[in-house]
Amino acid sequence: MEESLDELAELAHSAGAEVTGRVIQARVAPEAATLVGQGKVEELAAEVACDAADVVIFDHDLTPTQQRNLEKALRCKVIGRTQLILDIFAARARTREGRLQVELAQLNYLRPRLSGHGVEMSRLGGGIGTRGPGETKLETDRRRISVRIKKVEDELEGVRAGRALHRRRRGAVPLATIALAGYTNAGKSTLFNRLTQSGVLADARMFATLDPTVRPLILPSRRRVLASDTVGFIRNLPTTLVKAFRATLEEVTEAALLLHVVDGSAPSAMEHTAHVVEVLAEIGAAAIPQILAINKMDRFPADAGDSETLCRRLLSVAGSHHETHAVALSALNGEGVDRLLTLIDTVLPMDPIVRTTLRLPAGDGATLAMLHEFGRVLSTRYEEDCCEVDAEIPESLRRRLPAL
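Residue numbers for the sequence shown follow the numbering used here, so the first one is 1 and each next one is one higher.
It is possible that some hints are incorrect.
[To be verified] FRET-style restraints, in silico, Cβ to Cβ:
| # | residue 1 | residue 2 | range |
| --- | --- | --- | --- |
| 1 | Asp345 | Glu2 | 35 to 43 Å |
| 2 | Gln197 | Arg312 | 28 to 36 Å |
| 3 | Ala274 | Thr20 | 28 to 36 Å |
| 4 | Ser316 | Leu138 | 31 to 39 Å |
| 5 | Glu282 | Ala26 | 24 to 32 Å |
| 6 | Asp364 | Arg312 | 47 to 55 Å |
| 7 | Ala91 | Ile145 | 34 to 42 Å |
| 8 | Arg339 | Asp6 | 57 to 65 Å |
| 9 | Glu308 | Arg381 | 33 to 41 Å |
| 10 | Tyr382 | Glu308 | 56 to 64 Å |
| 11 | Pro30 | Ser146 | 56 to 64 Å |
| 12 | Arg96 | Asp364 | 31 to 39 Å |
| 13 | Gln197 | Ser316 | 29 to 37 Å |
| 14 | Gly158 | Pro30 | 38 to 46 Å |
No wet-lab data here; the hints were simulated from the structure. Every residue, glycine too, gets a C-beta built ideally from N, C-alpha and C.
Kindly generate the complete structure, drawing on both the sequences and the hints.
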């Protein structure tokens, strides 16, 4: 419970709040009207008045009735865990796709929580045949939200189609994709910047990265691959977010290799790893080969044992997948990053170099440029309207090009 409240406090801090106190209650079953018991509600009301608090955040999802009853009793704003995460996502979304995904999740969360005020909100139209209770404001709001949800879903489908097109274009070039996944604030963006020499925002706050970023990466074997930084996971990730961020999470499911980044210095590293593995299974990425990148070893406590022991423990949590490996590192100072790159080179399927002769149209400069970029052109001969090229190229590229 303490660890869960620590995480909630970190989420609140990420949303811009200052935590003035925390309360825990153990009950056999939740109270239907207020989630917590009446005595605890009175205790909370006294603390809210004493600290002049503006909001009370529950580490639990509240029903619409519970939320209304608690706000009436505490005389301040009351939100649940999901609403807090949605607020953080709304503040961090930068791209059109990210804003659409957050809006969809917010609308799905808001729709069942609308409340009306009875018949005084009924709307009657003018003319014959319109007398009656009419349409209440509540019903109107729900209808408008449903219409907006449909529109946002249609726009996201367009985004999803665009992502699929980009992936097909990337698939036309023999570059495997490595997706960085992991618990929020595990250091994914810092490691991403270290690997790709990029300038992606790396912030200690939770969910600093929402929109996926793809950058090229050169492996020790001189192979070029693509690395993708994605949104962090968290325990009890709201299902509305998982559904809304489907287009983003597809970057994970389409990857050739998953780089599962774990904060090795966190006391809850085992639980965080288990939560990420659970989410990966939910989105259909459990069968993808994984590397556990155990990060922040520069903060690893001296009395916590050696890194090899931690690697073995986390591998046992990640499951018995025969294609899971582990390496300890520090993305901040670069220690162990070379070992990670070598392991990536070993785990990724090899793409053998083959020698081939190609006959291309004389004006096909794009294919010729691709041969120079991803292979080694040995000779070029022009004959009338054709160009004959001898080259050494990856097998995956050879399969996509016409032979002589």
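task: Indicate whether the distance between the beta carbons of Glu282 and Ala26 respects the range 24 to 32 Å.
output: holds, 29 Å
field: Consistency of beta-carbon spacing, Asp364 to Arg96, with hint 31 to 39 Å
entry: holds, 34 Å
- request: May I ask you to test the hint 56 to 64 Å on the CB atoms belonging to Pro30 and Ser146?
  value: violated, 29 Å
field: Distance restraint hint 28 to 36 Å, applied to the beta-carbon atoms of Ala274 and Thr20
entry: holds, 32 Å
field: Hint check for Ser316 and Gln197 - Cβ pair distance inside 29 to 37 Å
entry: The hint (29 to 37 Å, Cβ to Cβ) holds, given that Gln197 and Ser316 are roughly 34 Å apart.
task: Return holds or violated for the Cβ distance of Tyr382 and Glu308 against the range 56 to 64 Å.
output: The hinted range 56 to 64 Å holds for Tyr382 and Glu308, with Cβ atoms some 59 Å apart.
task: For Gly158 and Pro30, compare the CB-CB distance with the range 38 to 46 Å and indicate the outcome.
output: For Gly158 and Pro30 the Cβ distance comes to about 41 Å; the hint holds.
Distance restraint evaluation - Glu308, Arg381, Cβ atoms, bounds 33 to 41 Å: violated, 56 Å
task: Indicate whether the distance between the beta carbons of Ser316 and Leu138 respects the range 31 to 39 Å.
output: Violated, at about 51 Å.
- request: Given the range 47 to 55 Å, decide if the beta-carbon distance of Asp364 to Arg312 lies inside it.
  value: Between Asp364 and Arg312, where Cβ atoms are some 53 Å apart, the hint holds.
Asp6 and Arg339 - C-beta distance against the hinted 57 to 65 Å: About 31 Å separates the Cβ atoms of Arg339 and Asp6, which means 57 to 65 Å is violated.
task: Hint says 34 to 42 Å; check whether the CB-CB distance for Ala91 and Ile145 agrees.
output: violated, 21 Å
Consistency with the previously given hints fails for numbers 4, 7, 8, 9 and 11, ordered from lowest to highest.
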